[in-house]
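J.: Place chains C, E, F and S with the ligands on chain R using the hints.
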Amino acid sequence: ETITVGGKNFTEQLLLAEMTEQLLAAKGYDVDKRDGLGSTVLRQAQENGQVDVYWEYTGTSLVVYNKVKERLSPEETYEKVKELDAEKGLVWLNPSKANNTYALAMNRSEAEEKGIASISDLKAKLEAGEELSFAVNAEFPHREDGLRGLQKTYDFRYPRSLLKAMESGLTYQALKENQVDVGLVFATDGRIAAFDFVTLEDDRGFFPAYAITPVIRKETLDANPELAEVLNGLSAKLDDDTMRKLNASVDVDKKTIEEVAGNFLSEQGLI
Amino acid sequence: MITLKNLTKIFDAGGEPVTAVDHVNLEVPAGETAILLGPSGCGKTTTLKMINRIIPKTSGKILIDGEDTDGVNEIELRRNIGYVIQQIGLFPNMTVEENIAVVPDLLGWEKKKSRARAAELLEMVALDPSIFLKRYPKELSGGQQQRVGVARALAADPPVMLMDEPFGAIDPINREVIQDEFLKLQQEMRKTIMFVSHDIDEAVKMGDRIAIFRAGRLIQYDTPDNVLAHPINEFIADFVGGDRTLKRLRLVRVYEAMDAEPPKIVPEDDIRKAVKLMEDHEHQNAVVVGPRGRPRGYVHYNDVKDASGAVKEHWAGYPKTVSIDADLRTAVSEMFTHNVTWLACVDDDGRFRGYITQRQITHHLGATYTDRSELPDPNVPPPGTPVAQAEEAS
Amino acid sequence: MITLKNLTKIFDAGGEPVTAVDHVNLEVPAGETAILLGPSGCGKTTTLKMINRIIPKTSGKILIDGEDTDGVNEIELRRNIGYVIQQIGLFPNMTVEENIAVVPDLLGWEKKKSRARAAELLEMVALDPSIFLKRYPKELSGGQQQRVGVARALAADPPVMLMDEPFGAIDPINREVIQDEFLKLQQEMRKTIMFVSHDIDEAVKMGDRIAIFRAGRLIQYDTPDNVLAHPINEFIADFVGGDRTLKRLRLVRVYEAMDAEPPKIVPEDDIRKAVKLMEDHEHQNAVVVGPRGRPRGYVHYNDVKDASGAVKEHWAGYPKTVSIDADLRTAVSEMFTHNVTWLACVDDDGRFRGYITQRQITHHLGATYTDRSELPDPNVPPPGTPVAQAEEAS
Amino acid sequence: MAAAASARESVGNRVLGWIGLLAAFGFGILVSATGLIDEFVYYWPDIEYLAVQHMRLVAISGGLAIVAGIAIGIWLSRPSMARFAETVMQVFNIGTTIPTLAILALSMSLLGIGAVPAIFGLFIASLLPIVRNTYAGLKAVPAHMKEAANGMGMSPRTMLLRVELPNALYVIFAGIRTALTINVGTVPLAFLIGGGGLGELIFTGIALNEFGMMLAGAVPTAALAIATDFAIAQIQYWAIPRGVNPQR
Amino acid sequence: METIAFITSNLGVIGELTMEHISIVAVAVGLAVLTGVPIGIAITQNRSAADIVLYIASIIVTVPSIALFGIMIPVLSLIGHGIGYLPAVIAVLLYSQLPIIRNTYTAINNVDPALREAARGMGMKPVQRLWRVEIPLAIPVIMAGVRTAVVMNIGITAIAAYIGAGGLGTLISRGISQTDPRQLITGALAVSLLAIAADYFLYWVQRRLTPAGTR
Ligand SMILES: Nc1ncnc2c1ncn2[C@@H]1O[C@H](COP(=O)(O)OP(=O)(O)OP(=O)(O)O)[C@@H](O)[C@H]1O
Ligand SMILES: Nc1ncnc2c1ncn2[C@@H]1O[C@H](COP(=O)(O)OP(=O)(O)OP(=O)(O)O)[C@@H](O)[C@H]1O
Ligand SMILES: C[N+](C)(C)CC(=O)O
Ligand SMILES: [Mg+2]
Ligand SMILES: [Mg+2]
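If you read the sequences in order, they're chains R, C, E, F and S. For the first sequence, my numbering gives the first residue as 1, with consecutive numbering after it. For the second sequence, my numbering gives the first residue as 1, with consecutive numbering after it. For the third sequence, my numbering gives the first residue as 1, with consecutive numbering after it. For the fourth sequence, my numbering gives the first residue as 1, with consecutive numbering after it. For the fifth sequence, my numbering gives the first residue as 1, with consecutive numbering after it.
Chain R on its own, in the form it takes in the complex (with noise of 0.2 Å):
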């Protein structure tokens, strides 16, 4: 019996994928991966047994997959979606303590410069005229907690014109070399400090919490009891920081993601 392993398309993820791979094949079990995937057709994938286990985040699931619109504290968020996702024969296991929420980011420089600390700062700019363009990654603009609620919560509209789409990774390379004013970043994501970016504070607490959970079929959880294990002691290890290390060691570092994954697998000694 394959374990087959998801992931979706930017660093962290594939880093996860990766690692969750790895310790699988190192329990002895078969290990077939699909990363490189969006989040709905992830979940989706999921959900109709093509995908037995993947990382999702709380809020992602939450809002995107189980449109819920209140404002939840992280621990509710989570036991609301273990709750809702449970009837869809997903459980999710237990959370990390490492939050991959959203942000939006400017070159330090040019925060400064212009006087931008927070998403209402941006607001106001934009309503005064001013050209900020605006990197996001595919999903972002579509997304109910991405731009569609950000729109609402902070009620403006961020101008068609200026929002430049690309691959998620890509929105840190256009920030940093000066194509676009503003980049959408994970919090989690190691050039957010290496690139020297400022995050806007979310002053209106629109985004979610996201914790990073391992989440598998039931079916296959109830087949292999011992997963839950396996997969909990990777999720205690992981938490903002760890994750930052090791998307900069990937994104900054030029490391391959076999090789980050493989060698905090060994250092936490779950290998």
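I should point out that these hints are in silico values taken from the structure, not numbers from a laboratory. Warning: the hint list may mix true and false statements.
[Said to hold, decoys possible] Incomplete in silico selection of chain R near chain F, CB under 7 Å:
1. G38
2. D121
3. A138
4. L163
5. A165
6. A174
7. N178
Remember, it's a predicted structure, so these values are computed and weren't measured experimentally. Glycine included, each C-beta is placed from N, C-alpha and C at the ideal position.
T.: For chains C, E, F and S with the ligands alone, coordinates are given in the frame of chain R:
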């Protein structure tokens, strides 16, 4: 034997009927070659292709050796008919050997037998098997390809052959050569052949009979000589050409028209004997031969009729000669070239074998004409007139 | 006038020199047509192309109307030379009109003038401008394309024309037609033409002179009749063919060889007058003409030499006739056809104009031969021998 | 013959017309049944905005490729280039086997992200077929035709403009058609390197598993490709003289 | 330089991805030959069928590859294979149809009518004609179609990385998202080399399959 009875083909060209072949009746006796001749679009190819059912006929009957081919399975029929198409149509993916062996293979011959047959046929069309068997068509010249095409059609030794302008793609010089070769071949094979051509010279040369078509109708079907000598109407006369009589000359060899027992004397003979011989034969000249029978000179009647002594005292010069195998056209050309009215005919060894005059040639041709002309030509002296008088008579 | 002086071309074929044209000297007088003839690869095309510098010469001189063309700008030179290439080479992207007008356009003619010229030329090559001007080459048959190619070369009325097998691509029947048309055209145009052919019949028909090449050398340059009558060596003799004398017959019209003042009598004449006339003319026959000069019958010398009374009592029949414009080949063919040795020659109106015999034809041809042969042929009676005796002499 | 062929062709066209109609009809049912029309309406502003971007990418990269491709093709076909031309064409032929994603990726590694590397990548991808066809088309002009032109005293320039190019035009157009159709279909990949275009909707649609959004990108892209092909085919049909146009 | 170092230290991964890539293309084009060639031959019998089939096949190739993958996901999800290997194979299979069908059709149709007539005239049955004459002569052109399909689809398979099918596209997509020129260039080079190598290999096969007489 191929028999066509009221054979008709009406094509449907975009709704309009086109009568390509119109009630054609024709019989090719076994072992003979019939040439289908006529202007472009007159229905020659269509007639041919109806015989092996590449084109289905509209009406009429086609019989081979008396059997109605309608009753024969199409594939069966075609395997018994050799077919040489105008464009040669060798399969470029097969060697010469494979090309020739295609039909034997289809017939399920043993490989060994069909290969041996291929080599034999190649030899037959004068191509060295050791050189050509393994070649591909593109490695052959046009003329060589053509010969392989003929060999292929002959492979299963079909009694009947259909050939659509088989030598059309070859330049005039090589064409002659290949025609000659094929004639020799046919002399041995004695296939029943239907052969499309648009070239009157080729038709005259290759055919036992010529069928001339016009707009789908068979206008005249006759021997080459009769077609040339007695075209049944203006169309045929025009088609065979203004110089059709000169064309007829091609049909006759010198040995057929010459006087084969001419007066023959040796230098030591008495001249009176020579004069006597000339008078007996009604010849104006007597050829003097050497010890091996080769012409060495001649004496002219008028010069010696009153002379005496040995022949060698009266030689008038070396006679002009022509090969007995040459055609009459060459003989006539030689006469004009040398401004003479007679030639000594010699065989391959140069021996004197006969005596031919312009007059004999004219008579030979005239013999056929007079058979059919209603009235005797007043211009022609009655047969049996003595030579001297006849000469004067014109 | 085109003059070639020691013209030589040496190609560099992969390091090895190939002498394609070897010290050729040749002059084409203004208004005449010279045919370059010879086996494949003998250098005909190369010679032609050096004249308009499509191929640069290696050495030698080319003069046009006496002027060395080396001094002339290449583009200039070519615009003054009409060039018809073997493959026709019409531009498929242009209409017939545009094709013909290309050179006038290049020369900067007014549009109106060049278009008018195109129409005029099309008419000249017997194509209806209203039908063909706006067509594209692919919408024309091969023969029509060929004519447009010729028209195009003529467009700017260049004094000199180079034509490389211009009728090579056309089937034999249409070829004759186009050759005849072109001959007519040339009779009016009087261009200086150099014309490549590989067909001896075409050369004889189209050329004022024939240049026969072999392996880059000019072997013989002479009139068609001389080339046929006096090939200077075996190669030429073989090349022009075994029946070259019959070919020569094509070159001569009946009116050139006939006796143009024959004995002419009317039915009412006394037969003695007729006999006298025949004797004076040394003819065996006298043609009897009707009131409008048309031949109505003839009398034969032997039949009437002792007769008396009016001519009309002695008619021997209706004479066989031939048109005075026919060529001698047709005359000979007619003689063979009707088994006669003489023909009455008539003009377009059917009037009796001359008298021609086999003997005259032979003599006509022989006259050229004897000029050059070293010794008199013993077979030929000395000139001046009376007819009766001469007839007997052979 | 010609009449028969064209009759057959028009039958063929009619058949194709019917199929097109049926396909459109079937698609219409599918679309309305799945509520896709609403989706299209919903995404219309995006479609409009991105389609313009898309077409701009095609127009700039394609336009440059046409100009440069024909120029290079002509240059390679000149007799003075004969010695190198075949080698250069070999390299170009190898070039055409390089996947467009790879070309875009390499172009990004050279020029960074955004529209510029996208245009450059698309330009390179479109250039090759155009050069190849221009070169092949010019080389295929029969030697005897050029000889005829030479023989009547045309200058090389005149010959190129009046004889060679007109006769190569059909083949050149075929190259342009291939190149631009591929170009239109490749532009979606430009999204990956931040180049914009309808790929944004396609990739997002896939990532978020929103079929409607994906189609909102894919259908206009396919339509643009077909329209481009059709437009060039029309130009090809009407702009090329009948004498050298095998379709007329 | 960095790229070379990257390549040498990751040969294993690159090799694995290459094999994934090849297996998608090989299986899909293999299936495409098995379907496309018979279709191509069949439609030579009927002109309007040919028009329809070729029209559909050419419509398929105008669909941008990434969109075709996108369409495949929901459809194949119904049988539980919306992502990964299967949609990649099917997309490649579909894209391969046009070059293979079109070339087969053209090649069979372009067999010199004189050869067909010669074959008929000597009494070959239609099937014999097909096997002995038409197919042998059509092989080079059919193979050229296969070559086109393979080369084109090696490129398209690279895009399949975006639906989790793996292959060398993975390197390109990671290279892009991690702005890592080493992976980017490695991926691009590997895919290009694979395409060129496949092209040469198939050219060799094509030459081998071409009857000597038509070479
Ligand atoms: N498939 C066809 N449909 C309609 N008409 C046809 C067809 N095939 C031949 N024809 C017509 O039938 C007539 C006879 O054609 P056929 O090919 O038998 O002529 P041919 O004597 O062989 O001429 P050629 O010497 O040019 O080969 C022609 O008028 C031709 O146009
Ligand atoms: N470009 C060339 N390089 C080398 N040799 C050449 C070249 N062109 C012609 N030749 C050689 O020069 C010779 C004369 O060629 P040319 O074309 O003049 O012959 P031709 O008399 O016109 O023959 P054909 O009747 O076959 O047209 C031939 O031996 C030919 O092979
Ligand atoms: C990493 N985020 C939570 C920002 C986005 C995602 O759900 O993939
Ligand atoms: Mg025919
Ligand atoms: Mg030549």
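J.: Each hint needs a verdict: does it hold in this structure or not?
T.: Status of each hint after checking the structure:
Residue-level restraint check for R:G38 holds (minimum Cβ-Cβ distance to chain F is 2 Å; threshold 7 Å). Of the supplied interface hints, the one on R:D121 is violated, with its beta-carbon coming no nearer than about 25 Å to a beta-carbon of chain F, more than 7 Å. For the restraint placing R:A138 at the interface with chain F, the shortest Cβ-Cβ distance is roughly 4 Å, inside the 7 Å limit, so the hint holds. At a threshold of 7 Å, the smallest CB-CB gap from R:L163 to chain F is about 9 Å, leaving the interface hint violated.
Taking 7 Å as the C-beta contact cut-off toward chain F, the hint placing R:A165 at the interface holds, the least distance being around 5 Å. The beta carbon of R:A174 is positioned within 7 Å of a beta carbon in chain F (closest approach about 6 Å), and the interface hint is therefore held. This hint is violated: R:N178 has a C-beta 11 Å from the nearest C-beta of chain F, more than the 7 Å allowed.
In terms of the numbered hints stated before, the structure departs from hints 2, 4, 7, listed from lowest to highest.
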